[in-house]
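Which chain is which? The protein sequence lines are V, W, G and L, in order. Those letters in the first sequence? Residues 1 to 399, by my numbering. Those letters in the second sequence? Residues 1 to 399, by my numbering. Those letters in the third sequence? Residues 1 to 364, by my numbering. Those letters in the fourth sequence? Residues 1 to 364, by my numbering.
For the record, the hints were derived by calculation from the structure and aren't laboratory data. Source: prediction; values computed, not measured. Among these hints, one or two may not hold up.
[What the hints assert, rightly or not] If you only want the chain L side, here are some residues facing chain W, beta carbon under 7 Å, derived:
1. Y29
2. A60
3. F64
4. Y124
5. Q191
6. Q256
7. F257
8. M331
9. V346
10. T349
11. R360
[What the hints assert, rightly or not] Between beta-carbon pairs, the in silico distance windows are:
12. E107(G) to Y260(V): 35 to 45 Å
13. N244(W) to E116(G): 53 to 63 Å
14. R30(L) to R45(W): 31 to 41 Å
15. N272(W) to S83(V): 35 to 45 Å
16. P275(W) to G354(V): 56 to 66 Å
17. H210(W) to E49(L): 38 to 48 Å
18. E278(V) to S23(G): 23 to 33 Å
19. E147(V) to G398(W): 58 to 68 Å
20. K181(V) to H150(W): 29 to 39 Å
21. D179(G) to N272(W): 46 to 56 Å
22. N272(W) to E49(L): 37 to 47 Å
23. N272(W) to E308(V): 45 to 55 Å
24. G398(W) to N356(V): 47 to 57 Å
25. L38(W) to E295(L): 22 to 32 Å
Glycine included, each C-beta is placed from N, C-alpha and C at the ideal position.
Spelled out from the first residue to the last, the chains are:
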Amino acid sequence: MELQLTTEQTAFRDEVRSFLKEKLPDDIRDASKGAGHLTAEMFTRWHGILAEKGWSVPLWPEKHGGTGWSPVEYAIFDEECHSFGAPKVLPFSVSMLGPVLIAFGNDHLKEKFLPGIIDGSDWWCQGFSEPGSGSDLASLKTSAVREGDHYIVNGQKTWTTLGQHADWIFCLVRTDTNAPKPQMGISFILMPMDLPGIEVRPIITLDGSHEVNEVFFDNVKVPAEYLVGEENKGWTYAKFLLQNERIGIAGIGGSKEQLYGLKRLAAAEKKNGKPLIEDQNFKTKLAEVEIELRALDITNKRMLVETERGMDPGPVSSMLKIRGSEVAQRLYELKMEASGLYALPFQPELETEGWNDEMIGSLENAISAPRYLNTRKISIFGGSNEIQRGIISKMVLGF
Amino acid sequence: MELQLTTEQTAFRDEVRSFLKEKLPDDIRDASKGAGHLTAEMFTRWHGILAEKGWSVPLWPEKHGGTGWSPVEYAIFDEECHSFGAPKVLPFSVSMLGPVLIAFGNDHLKEKFLPGIIDGSDWWCQGFSEPGSGSDLASLKTSAVREGDHYIVNGQKTWTTLGQHADWIFCLVRTDTNAPKPQMGISFILMPMDLPGIEVRPIITLDGSHEVNEVFFDNVKVPAEYLVGEENKGWTYAKFLLQNERIGIAGIGGSKEQLYGLKRLAAAEKKNGKPLIEDQNFKTKLAEVEIELRALDITNKRMLVETERGMDPGPVSSMLKIRGSEVAQRLYELKMEASGLYALPFQPELETEGWNDEMIGSLENAISAPRYLNTRKISIFGGSNEIQRGIISKMVLGF
Amino acid sequence: MNFDFSEEQKMLVQSLERSLAKSYTFEDYRSQIADKVSHVPENWNQLAELGVMAMPLPEAAGGFDGNNVDVMAVCTELGRRLVTEPYVSSAVVSAYIVEATSTVSEELLPQIATGEVQIAAGFYEPGERHDALASNTKATEAGGIWKLSGRKCVVMGADSADKLIVSADAGGPSLFLVDPKANGVSLRSYQLLDGRGAADIILEGAEGTLLGEAGGAADIIEAAVDRGAAALTADTLGAMQESSTLTQEYLRTRTQFGRPIGSFQVLAHRMVDLLVELEQVKSIAMEAAVEARNEDAETRKKSVSAAKAKVGAASRTFGQECIQMHGGIGMTDEYALGAYVKRMIVNETVYGDTDYHLNRFADL
Amino acid sequence: MNFDFSEEQKMLVQSLERSLAKSYTFEDYRSQIADKVSHVPENWNQLAELGVMAMPLPEAAGGFDGNNVDVMAVCTELGRRLVTEPYVSSAVVSAYIVEATSTVSEELLPQIATGEVQIAAGFYEPGERHDALASNTKATEAGGIWKLSGRKCVVMGADSADKLIVSADAGGPSLFLVDPKANGVSLRSYQLLDGRGAADIILEGAEGTLLGEAGGAADIIEAAVDRGAAALTADTLGAMQESSTLTQEYLRTRTQFGRPIGSFQVLAHRMVDLLVELEQVKSIAMEAAVEARNEDAETRKKSVSAAKAKVGAASRTFGQECIQMHGGIGMTDEYALGAYVKRMIVNETVYGDTDYHLNRFADL
């Protein structure tokens, strides 16, 4: 048993650090550490920098552009990125679509789409959820009817993250309404977002931000060449896709950053004339979440090491998602609590580019409540914690 | 809105107080406030004293010996009893069997059994649960087969509280194994505990105490006159019986006593050279449970007042059982925590009559862990908190 | 013992309910927020006409001599309807200070009662957290004129107030009436998370009228804050009741996997736990309402702190759970739940947060 | 990074497992408790023969030069099997003190390694809660002889120990070796909740041998307690794993309403939450095992306190939940779950409870 990094791992970490120190643009770092919803341009620019280094699709097979990193190395990379304030590469193209195309796409699709994913020039979004199909994804209704060499798509997707910037969308659509089980009539298809009949409408979330969207399809004519794999096998590809989210699912790097931020904030805030961080009650709450994160960090690494050895980590990735979201949410909650009255003024203008006015309270105060509210999503999206518990229960108890 | 007692209620409370001050024997008070599992003799003696005053079956109809008290008056009585250290009258005869006999028993049964319940000369126990029928009571298997003017009873009951002292048992038995629903083949029958074929075996609980028992029936010949009401209608009577537990279900009086005890204990214990009760962390935990109890006290009174007006309090009694058990369990937990290392020595001999040796730690320390363990039962027995949540959910959500 | 609103209180709530149902729907609330408006004079006047502002005030001042249970009845309704008007800060907190200090009560109380004058009272300061008595705002007198310098933060209703009350140190906690338009007064106004209005008040040698005794306002400040805190527990009770209704409705009607999601035992039981919390919150909010004017300060503080702490903690969990049980829809701005959750956060934080009141309760 | 036991550790655990499975069943445990016996010489010798006592000791002293991960491996197994022998107090805590103070190490360490001598170490005192350094026990020297007076409470293993180590104040925290049969030493022996043995040690002018430096033992005491605390987190891990297995088995096999109770979603999801906790407990216990001997005291303390606090809190909830999910059967003494729950309570309370370690972690 040995909890420290090996010499090789330490060397790798140092290489990542040098790269980040040298290549991460200040404006991107400031936006991601500070007020920022990062702009689309920043995401794309950073993606490009990583691509130049050959690090934009690290977990892909090496022959398709992957780095050959082990899961532990990837986790080191991920944590260092958080620590330096580098944005997370958006998962839709790199972690979701890419592996599906590599595993199930024909050569035509691979040639056409992998380069744009690797260099970040194509912005992809995801069309899975529908208003009536949240946790019960297989009940989706958006239909694709084959007509000649096209599919005619009708229906609606929702919770499409950052779809407002997207060039392309990958969708689950129903191609067989008479299949014996709903899972069996679903196909996986790609569409350019500028096809006639596609409309994107913003969903504003309760924190006032615009991250997610509804996407409407009205007789959209999609070339059949954009079908991935076989018709009616989309559910298999979707399950494959969802399993690829394992590494990084606990959000350790992000939570560590939040913990440091919380400590800075609590050192700056006062209670009864002393720094809040010296208050017994607050200290105790802080210690509890810090210890939880410490344990989670090790649980996460245990899982990575097992994955590295080729063992099936079983229900652990669902466990990491549950506890990881709980820890992250608790940290944001404590930031709001620490901010006191200055958590309350609503200053969305802060988040707009170029804003430079006087803010009420500190930046950490000002964004604490919106972030707390926004973070409620992480136990809902991508398979709610209830769904995760169901997955574990099925695997372990058999119910 | 008025939270204070009315003048009449205050006068009533004072009357109860004078009675308790005058009539509660010191040895009984000491046993119930202190080390004591009360002895069977003490329960019986106190029951007799209440009966003399006419207060042993307060909630019964007046013509059967009830006091005519309102639910609020009964709650006042209950709370004062706790505060003075008077034992709770055991519910099996007074609150469970009595009302069933009054509502469904024939004159013969009423004449035979009500007097012994009122004066406490008959000790009754309950035979409902079986090893295979816990939460799912209606699946019970103990059979009673009619032969002439007797029933032949075979089977096993469990969790029979204080059955080791009982003269009589009231049981649910299966009299029709072919009924279309399991609930429809159940009868309610009474038996003297000294019938041949009845055997009582102790169950020792994890705190080391002997409160509950298994009761075995091996071809027990029970006179048919002891059947209550009609054959196969026992489920109806059992449901009626279980609904009668509403008043006092939150255990407010007991929890208030525990809270005072906890504060005394925390004032006596030290942390970092100061009384534990001045420690910020402990104070906060104490405040949380005290506030919860304060709210529960009002919730309970709201329910009583509604009951008094003849309104159906709906799911509130299940709510009171849930939260009441949570509060009580939390108080016992904090007592154990406050006791520190001296919670650990296991000194069951303390609880035996006449024991007078040197104990390790204070009495409160010594009984803290066994009581904590024992109190885990209150969220299980009498309809677990999960069953209570199911009842509420059915009533409110319809599921 | 009696846990009902009186007939008068019920009638007041009913007329408030009817009136708001007509003039102030969730869509009205939404479009007001979109326009960054917190205070709408017509809405304010409508409340005044219903008598809810006069209600808590003494008869002599044109009020209805109401008690704090009346306030509870009103505030529960305001919370339920997401009313953004600064009722508590003006009619409850400021009115009490005006009444208790009596310096300007003859003139101002009748105007508060009619809604003609709206007042906001600021106690809290940056860096002093939830301690209403800790003041770095200094008041100095010269030639009978008091001048004030300092900053008050997140003063609810200050953005639209006709008059301001601020606490300041003049050899001890003191209270002053300030004209928001006077020299040396500047306001940084903003909306709070839930659309209610507030401002930071920056005083730079601003002139103020001393209310009551210099240095002797500690008790009045504490009592005023406690009335405000009790009122906000009622407001949160209303918000929780509506959140509960929305969530139950959603559990009954939203289907997934071919059945209503409320039929999943995990969600049903979690809803039950929320309902238990709601009963507890109602009970403790009632106690705060009854005791918020208790002349025995310790009884008052104990009850108000118990309520503010319990309601604060319960509402936080309640909001989180309601969102979680809704799933995605609970995250959207156009669905009412989010507005209730934000209102509860504001109510939890103003007039002493959960931690503050838990500590105060424990120390009493 | 590597989170496995080594091959040697696995073999040790296996031989321990095999040996205990034969000689120490739950029924053996039960009958031992019924007879009020905590220490059975044959069981003790069997452990010694397996080498687990020699394992943590330096080779020079006849030990196997093991580290604290070895201790973790052993203790997890002891917790899993409810072994009542005073392994931690003798082979982990006392052995470390004997080694670190070196006064009597040459003589005693080999005897500890073979199990020939059993030692118990007492630090805590009535009224001093979980502070191992606060001592009202006084040590005075006259003519080269140290005499001790005071009381040590709930010293695990002291009831059956051949030698005692006690801390006392001799111008600062100091450690002494005491013969339990010497004049001025009396023991009040008892069983703990879970059947393990302990005693209060009452010293009235008892003679003691100074271990190490007078007044200079603070660091050694803290390090000894930390090793004990880390060992107990592993013990609790074992108890939790067995409780989890029992509970899962019960959920699968117990039927009510015509189906296994584990198929009720509420119970299934609660079991899942316990499994998540169990992974967290395992992780943090691993960290404590690895760091319990770290020469940097702050790193050691931080890791041990994190583990003791987390494992203590988690095991409390875990025990409550396992009982609740079992229902009545979980309340009975003859079912193993109760024994695990009681063992967890003892482990939570000894060598600093949850509150103590949470505070220490927060203050580091």
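Hints and how they fare:
The closest approach between the C-beta of Y29(L) and any C-beta of chain W is roughly 14 Å, which is over the 7 Å cut-off, so the hint fails. For A60(L), the interface hint is violated, since its Cβ never comes within 7 Å of a Cβ in chain W; the closest pair sits about 35 Å apart. For F64(L), the interface hint is violated, since its Cβ never comes within 7 Å of a Cβ in chain W; the closest pair sits about 32 Å apart. Using the Cβ-Cβ criterion of 7 Å, the hint placing Y124(L) at the interface with chain W is satisfied: the shortest such distance is roughly 6 Å.
Against a cut-off of 7 Å between C-beta atoms, the interface hint on Q191(L) holds, since the closest Cβ of chain W lies about 5 Å away. A least Cβ separation of about 4 Å between Q256(L) and chain W falls short of the 7 Å threshold, and the interface hint therefore holds. Of the supplied interface hints, the one on F257(L) holds, with its beta-carbon coming within about 5 Å of a beta-carbon of chain W, less than 7 Å. Because the beta carbon of M331(L) sits about 5 Å from the nearest beta carbon in chain W, less than 7 Å, this interface hint is met.
Restraint check, V346(L) versus chain W: the minimum CB separation of about 6 Å is within 7 Å; hint holds. Using the Cβ-Cβ criterion of 7 Å, the hint placing T349(L) at the interface with chain W is satisfied: the shortest such distance is roughly 6 Å. Hint on R360(L) is violated. Least Cβ distance to chain W is approximately 12 Å, over the 7 Å limit. Checked against the given bound of 35 to 45 Å, the beta carbons of E107(G) and Y260(V), roughly 54 Å apart, lie outside it.
Separation of N244(W) from E116(G) is about 58 Å and conforms to the stated range, judged on CB atoms against 53 to 63 Å. In this structure the hint that R30(L) and R45(W) lie 31 to 41 Å apart at CB holds, the actual value being about 36 Å. Between N272(W) and S83(V) the beta carbons are some 37 Å apart, a value that agrees with the proposed interval 35 to 45 Å. A hinted range of 56 to 66 Å for the beta carbons of P275(W) and G354(V) is consistent with their spacing of about 58 Å.
As the Cβ distance of H210(W) to E49(L) is approximately 39 Å, the hint placing it in 38 to 48 Å holds. For E278(V) and S23(G), the Cβ-Cβ distance of about 50 Å falls outside the hinted range of 23 to 33 Å, so the restraint is violated. Taking the beta carbon of each, E147(V) and G398(W) are about 45 Å apart, not inside 58 to 68 Å as hinted. For the pair K181(V) and H150(W), the beta carbons lie near 58 Å from each other, so the given range of 29 to 39 Å is not met.
Against the hinted window of 46 to 56 Å, the Cβ-Cβ separation of D179(G) and N272(W) comes to about 52 Å, which satisfies the hint. In this structure the hint that N272(W) and E49(L) lie 37 to 47 Å apart at CB holds, the actual value being about 44 Å. The hinted window of 45 to 55 Å between N272(W) and E308(V) holds, with their beta carbons roughly 46 Å apart. Here the CB-CB span from G398(W) to N356(V) is close to 55 Å, well matched to the stated 47 to 57 Å.
Between L38(W) and E295(L) the beta carbons are some 57 Å apart, a value that contradicts the proposed interval 22 to 32 Å.
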